[in-house]
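Sequence lines, in order, name chains A and B.
If you count the first sequence from 1, position 119 lands on 119 in the working numbering, and the numbers rise without skipping.
If you count the second sequence from 1, position 434 lands on 434 in the working numbering, and the numbers rise without skipping.
Don't take each hint at face value.
What the hints assert, rightly or not - Stretch-level coverage of chain A by chain B, calculated; a stretch enters the list once three of its residues show a Cβ under 8 angstroms from a Cβ in chain B:
(1) 113 to 124
(2) 135 to 142
(3) 288 to 299
(4) 419 to 429
(5) 504 to 512
Read the hints as simulated data drawn from the structure, not as lab findings.
Glycine residues also receive a C-beta, built at the ideal position from the N, C-alpha and C atoms.
If you want the building blocks of each chain, they are given just below.
2 protein chains.
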Amino acid sequence: MGTDIRTQSLAKPVPVAEYLFTRIHQLGIRSIHGLPGDFNLVALDYVPKCGLKWVGSVNELNAAYAADGYARCLGIGAIITTFGVGELSALNGIAGAHAEHVPVIHIVGCPSTISQRNGMLLHHTLGNGDFNVFATMGAQVSVDVARLNKPGEIANQIDHALRECWVRSRPVYIMLPTDMVEKKVEGKRLEEYIDLEEPKNDEEREDYVVDVVLKYLHAAKKPVVLVDACAIRHRVVEVVRQLVQKTKLPVFVTPMGKGAVDESSEYYGGVYAGSGSQESVADRVESSDLVLSVGALKSDFNTAGFSYRTSQLNTIDFHSTHCTVRYSEYPGVTMRGVLRKVIERVDVKKLARVESPAVKNEVAENFEDSKTITQAWFWPRVGEYLQEGDIVVTETGTSNFGIWETKFPSGVTGVTQVFWGSIGWSVGATQGAALAAKDLGTTKRTILFVGDGSFQLTCQEVSTMIKHKLNVTIFLIYNEGFTIERFIHGMKAEYNDIEKWKYTELPEVLGASPKQVKKFIIKTKDELEKLLKEKAFNEAKGLQFVELWMDKEDAPRALKLTAEISARNNARLE
Amino acid sequence: MGTDIRTQSLAKPVPVAEYLFTRIHQLGIRSIHGLPGDFNLVALDYVPKCGLKWVGSVNELNAAYAADGYARCLGIGAIITTFGVGELSALNGIAGAHAEHVPVIHIVGCPSTISQRNGMLLHHTLGNGDFNVFATMGAQVSVDVARLNKPGEIANQIDHALRECWVRSRPVYIMLPTDMVEKKVEGKRLEEYIDLEEPKNDEEREDYVVDVVLKYLHAAKKPVVLVDACAIRHRVVEVVRQLVQKTKLPVFVTPMGKGAVDESSEYYGGVYAGSGSQESVADRVESSDLVLSVGALKSDFNTAGFSYRTSQLNTIDFHSTHCTVRYSEYPGVTMRGVLRKVIERVDVKKLARVESPAVKNEVAENFEDSKTITQAWFWPRVGEYLQEGDIVVTETGTSNFGIWETKFPSGVTGVTQVFWGSIGWSVGATQGAALAAKDLGTTKRTILFVGDGSFQLTCQEVSTMIKHKLNVTIFLIYNEGFTIERFIHGMKAEYNDIEKWKYTELPEVLGASPKQVKKFIIKTKDELEKLLKEKAFNEAKGLQFVELWMDKEDAPRALKLTAEISARNNARLE
Ligand SMILES: Cc1ncc(C[n+]2csc(CCOP(=O)(O)OP(=O)(O)O)c2C)c(N)n1
Ligand SMILES: Cc1ncc(C[n+]2csc(CCOP(=O)(O)OP(=O)(O)O)c2C)c(N)n1
Ligand SMILES: [Mg+2]
Ligand SMILES: [Mg+2]
Numbered sequence: 001m002g003t004d005i006r007t008q009s010l011a012k013p014v015p016v017a018e019y020l021f022t023r024i025h026q027l028g029i030r031s032i033h034g035l036p037g038d039f040n041l042v043a044l045d046y047v048p049k050c051g052l053k054w055v056g057s058v059n060e061l062n063a064a065y066a067a068d069g070y071a072r073c074l075g076i077g078a079i080i081t082t083f084g085v086g087e088l089s090a091l092n093g094i095a096g097a098h099a100e101h102v103p104v105i106h107i108v109g110c111p112s113t114i115s116q117r118n119g120m121l122l123h124h125t126l127g128n129g130d131f132n133v134f135a136t137m138g139a140q141v142s143v144d145v146a147r148l149n150k151p152g153e154i155a156n157q158i159d160h161a162l163r164e165c166w167v168r169s170r171p172v173y174i175m176l177p178t179d180m181v182e183k184k185v186e187g188k189r190l191e192e193y194i195d196l197e198e199p200k201n202d203e204e205r206e207d208y209v210v211d212v213v214l215k216y217l218h219a220a221k222k223p224v225v226l227v228d229a230c231a232i233r234h235r236v237v238e239v240v241r242q243l244v245q246k247t248k249l250p251v252f253v254t255p256m257g258k259g260a261v262d263e264s265s266e267y268y269g270g271v272y273a274g275s276g277s278q279e280s281v282a283d284r285v286e287s288s289d290l291v292l293s294v295g296a297l298k299s300d301f302n303t304a305g306f307s308y309r310t311s312q313l314n315t316i317d318f319h320s321t322h323c324t325v326r327y328s329e330y331p332g333v334t335m336r337g338v339l340r341k342v343i344e345r346v347d348v349k350k351l352a353r354v355e356s357p358a359v360k361n362e363v364a365e366n367f368e369d370s371k372t373i374t375q376a377w378f379w380p381r382v383g384e385y386l387q388e389g390d391i392v393v394t395e396t397g398t399s400n401f402g403i404w405e406t407k408f409p410s411g412v413t414g415v416t417q418v419f420w421g422s423i424g425w426s427v428g429a430t431q432g433a434a435l436a437a438k439d440l441g442t443t444k445r446t447i448l449f450v451g452d453g454s455f456q457l458t459c460q461e462v463s464t465m466i467k468h469k470l471n472v473t474i475f476l477i478y479n480e481g482f483t484i485e486r487f488i489h490g491m492k493a494e495y496n497d498i499e500k501w502k503y504t505e506l507p508e509v510l511g512a513s514p515k516q517v518k519k520f521i522i523k524t525k526d527e528l529e530k531l532l533k534e535k536a537f538n539e540a541k542g543l544q545f546v547e548l549w550m551d552k553e554d555a556p557r558a559l560k561l562t563a564e565i566s567a568r569n570n571a572r573l574e
Numbered sequence: 001m002g003t004d005i006r007t008q009s010l011a012k013p014v015p016v017a018e019y020l021f022t023r024i025h026q027l028g029i030r031s032i033h034g035l036p037g038d039f040n041l042v043a044l045d046y047v048p049k050c051g052l053k054w055v056g057s058v059n060e061l062n063a064a065y066a067a068d069g070y071a072r073c074l075g076i077g078a079i080i081t082t083f084g085v086g087e088l089s090a091l092n093g094i095a096g097a098h099a100e101h102v103p104v105i106h107i108v109g110c111p112s113t114i115s116q117r118n119g120m121l122l123h124h125t126l127g128n129g130d131f132n133v134f135a136t137m138g139a140q141v142s143v144d145v146a147r148l149n150k151p152g153e154i155a156n157q158i159d160h161a162l163r164e165c166w167v168r169s170r171p172v173y174i175m176l177p178t179d180m181v182e183k184k185v186e187g188k189r190l191e192e193y194i195d196l197e198e199p200k201n202d203e204e205r206e207d208y209v210v211d212v213v214l215k216y217l218h219a220a221k222k223p224v225v226l227v228d229a230c231a232i233r234h235r236v237v238e239v240v241r242q243l244v245q246k247t248k249l250p251v252f253v254t255p256m257g258k259g260a261v262d263e264s265s266e267y268y269g270g271v272y273a274g275s276g277s278q279e280s281v282a283d284r285v286e287s288s289d290l291v292l293s294v295g296a297l298k299s300d301f302n303t304a305g306f307s308y309r310t311s312q313l314n315t316i317d318f319h320s321t322h323c324t325v326r327y328s329e330y331p332g333v334t335m336r337g338v339l340r341k342v343i344e345r346v347d348v349k350k351l352a353r354v355e356s357p358a359v360k361n362e363v364a365e366n367f368e369d370s371k372t373i374t375q376a377w378f379w380p381r382v383g384e385y386l387q388e389g390d391i392v393v394t395e396t397g398t399s400n401f402g403i404w405e406t407k408f409p410s411g412v413t414g415v416t417q418v419f420w421g422s423i424g425w426s427v428g429a430t431q432g433a434a435l436a437a438k439d440l441g442t443t444k445r446t447i448l449f450v451g452d453g454s455f456q457l458t459c460q461e462v463s464t465m466i467k468h469k470l471n472v473t474i475f476l477i478y479n480e481g482f483t484i485e486r487f488i489h490g491m492k493a494e495y496n497d498i499e500k501w502k503y504t505e506l507p508e509v510l511g512a513s514p515k516q517v518k519k520f521i522i523k524t525k526d527e528l529e530k531l532l533k534e535k536a537f538n539e540a541k542g543l544q545f546v547e548l549w550m551d552k553e554d555a556p557r558a559l560k561l562t563a564e565i566s567a568r569n570n571a572r573l574e
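Make a model of the complete structure from these sequences and hints.
So, in structure tokens, the structure goes:
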């Protein structure tokens, strides 16, 4: 096979797959999730060649969840699937990343451009000669679609897709035909990294918004800061920290914002979620005459069923695409630049500061005599168990609401999927999060709180944790089924029951040596107290699997409330 | 809440959910697959009320696979999921049913029409106020989409969707908002069943095609019948049987047609898949001067990499939407009517009948001295183990190709997904198939052959088999990874390896009592011989789990060949 004219004109020809994976490495990614398939096999040979680790998940949905968890902890993640069967299996995971603003690069190995052109009746097609139908679906949950069909355009397409993924913090879809994998593109480009800088705001417009913000801020009598999901996802957590540092204003988080603020800080006021909040928190936020709301994502479950009692007249919204001051919108003026200037220009002497009540882990308050572990007692207790720097993953179900009552130590990363809420996600996400921690060279503990129902959907991803020897502690809430659903509808319904598994025996079946896994069945408060005080348990080496018994009709306060509102909303007839 | 005017005008008002599930019951379905979610909970209350069993799978992809397997055995299947997260998880399974012409009714419980109209920021949305985005994806793999938004139209929409599903033998998508579940529709309609009759061919056109067919058939010197996937899926198996009965022509099946023809019949000639066939079979089919090809689906894996050496000049194609005689197409003239008339009008005295060599299970021929179970020896041996009426499920991987070498007894149902080829499918499909057998009141054995790699993707569906006490025998081919992929690319590549699980211990972890499951680890031919002769094993009560050791670089003949062609096709540069 001779070198074609196009390749001869390249200063440093490199294969497409090498170009792509080198770019991915340059973004900081060290592990790639996914599964092989005959349309991606040759590409996979380039993964180790480019300094990347192949994770090899157990199925594609798990892999997508894992890439999502990886991205939440390392900044960005990647997954490779095969055409049709693989990518569609991953689709729900990618959709979740899209909904929750998580940058995941989805590479799909697909049939050769020649097979596509000839409309061949290949396996993994629908049999209608349409090779773009899955990409069209993928496009619905991606901010860029790159079909790598023409060698001359590929390097540009890749760079553009990766930049979009990062800057807009959402998934992109890259379709890599088998015959393009080893085509040559310009390797010289790799000497310069992709520009990941967010576009700057127009100076004059930005200054205008900053002036308006400062005007209200200086005039406010009880201003507070409220930090939500998109502050984390669009990477302004550090800016927010500086804002609070400088202004010393009380700062609150939403459920999806948990982890964005140092909860041991004296300025931290608690979790605000409308009537799902602790009373003192609700009072404080709702009596504020100016809420600086950063990265809000006011979905039903994040607001305890749209139960905010704050007024837009008292709110300034900072977003990744625009800002809104009361009802004035400023499209294209993004939060990072505005917040930076607010920090610079705020006159702290003009600020009214009204402190918030201190946030405690109310373990004692929720203690009662029974041996049973109650949701009310458990979650504050978790706050005392957690350590600085932990990665805490929670699943849709009682844990996602319970964690509102857990005060985090400094530097805890909160990982939840409150908005998209796909159960089973957390098991994959935990694998990805723990792997990210490892790839970043830290020895962080990754701790998962997952319901028995959710765990069943994706249980086999524990195998991947074992394979990569990740440090993961799993608390499986054993309450015989779908408690969250019971509170929405069908408390005793059969469809909310699940099969009884021997959960703690699963890791060994899935490949763990007895030495690699520690397993615990915990039925009482005392047993739990004892476990949480064990030195070895707190060191959290390898895989620790805790089956935690709770009552099936017990749920965190905020969940009961939200479920009720949800049920009412579903049933509403006009 | 008063009765509105519309409801007052109904002769027999019934809630939408009751109408829907009654219709589904009338189609013969007795079990509904799926998972609960807050947007479908109220609808689920109607499942038992309408005489249906709620299956409750472990995740939505598994549920979709199971509904597919159920439909392949009972004629039609149904699955209920919840908006976004649930339906997208199922999408790959539905796509497979679409590709392979399997009628699956997909019902998606979604937010109320009011929430939709108000564009509420609900969980399980993408956050863009678009409530149709998932339906748009679903539409790509469905032959009808019914959005049940207006009570006055719902009964019609349901009847139309169910008819389309059946007649076109492909999935339909039904979107059921929470506020429509209990709206009233006309229950009187339920007294008459939905018309499921296929549209009749235009008489004159049909007669014309029949004449042409007979002309060629009477003139042919070595005519044969070749039966493929769509003969099964579009329900002409009985018609084909009559055709062979009357004409006594040699009849062959493709890999996807396996099970369509009584393989113990004297007219049965074997599996034809181009150069993937046994030599005698290839010779016989390819030397034929007239192939009556029924329901062909000539995909790469079904034809051993497009390796047919038959000519369209010697072929008559019978399809569910048209017929093709040599190069003459007859759109709208469908196979059932044409075949029936051919049977009626064929003059058997004018038929040339050349017999085919007899088909045997060549167990002895493939025996060699080593203790190792080889693929070559195993698959013919399976033919001796199988019994009349068995349901045999095979998975993409060595089993899908190995089964070509297995001669079925009479009345065996073959269940494979050769075209779509999504691994993991078979575990769900087996659950559905075994449940269908039970719902039909039979005591059939359901026997699965699945690779270790594929099994891992969907292993937890074994839990559902246990829950419903299904009779399933699983042969898990333990060959340490993705052997089929090794033959395509990367024989020693790490990405083709998998974690070592203790497979046989899984059922008990997933809820089986020790009495409910029998487990076997079989490493040699002798051990297998012994097992296959055990009376209790052959009776196949409950769950039997056989871990079967084979060499990781061993593959059936046809697979090696197809893999080579596939790899070449992937790499082809022009
Ligand atoms: C993929 C998917 N399927 C179904 C649902 C609907 N759903 C939401 S929560 C839940 C039950 C979770 O049960 P479990 O994990 O046991 O939580 P807990 O008992 O702690 O509430 C279900 C079925 C969903 N959110 N995602
Ligand atoms: C959902 C999905 N993911 C990936 C693939 C690609 N693929 C096809 S076969 C196969 C390996 C199957 O391995 P195994 O089940 O062990 O079969 P065997 O070893 O018997 O060949 C893979 C990964 C696929 N077809 N479907
Ligand atoms: Mg539970
Ligand atoms: Mg294998």
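Please count how many residues of the segment 288 to 299 of chain A have a CB within 8 angstroms of a CB from chain B and say whether that reaches 3.
holds (count 3)
Counting residues of the segment 135 to 142 of chain A that have a beta-carbon nearer than 8 angstroms to any beta-carbon of chain B, does the count reach 3?
holds (count 4)
Verify this for me: three or more residues of the segment 504 to 512 of chain A with a beta carbon less than 8 angstroms from a beta carbon of chain B.
holds (count 6)
Are three or more residues of the segment 113 to 124 of chain A within 8 angstroms, CB to CB, of chain B?
Held - the segment 113 to 124 of chain A has 7 residues with a Cβ nearer than 8 angstroms to chain B, which meets the minimum of three.
Are there three or more residues in the segment 419 to 429 of chain A whose C-beta lies closer than 8 angstroms to some C-beta of chain B?
This one holds; 6 residues, not fewer than the three required, reach chain B with a Cβ under 8 angstroms.
The earlier numbered hints are all upheld by this structure, with none contradicted.
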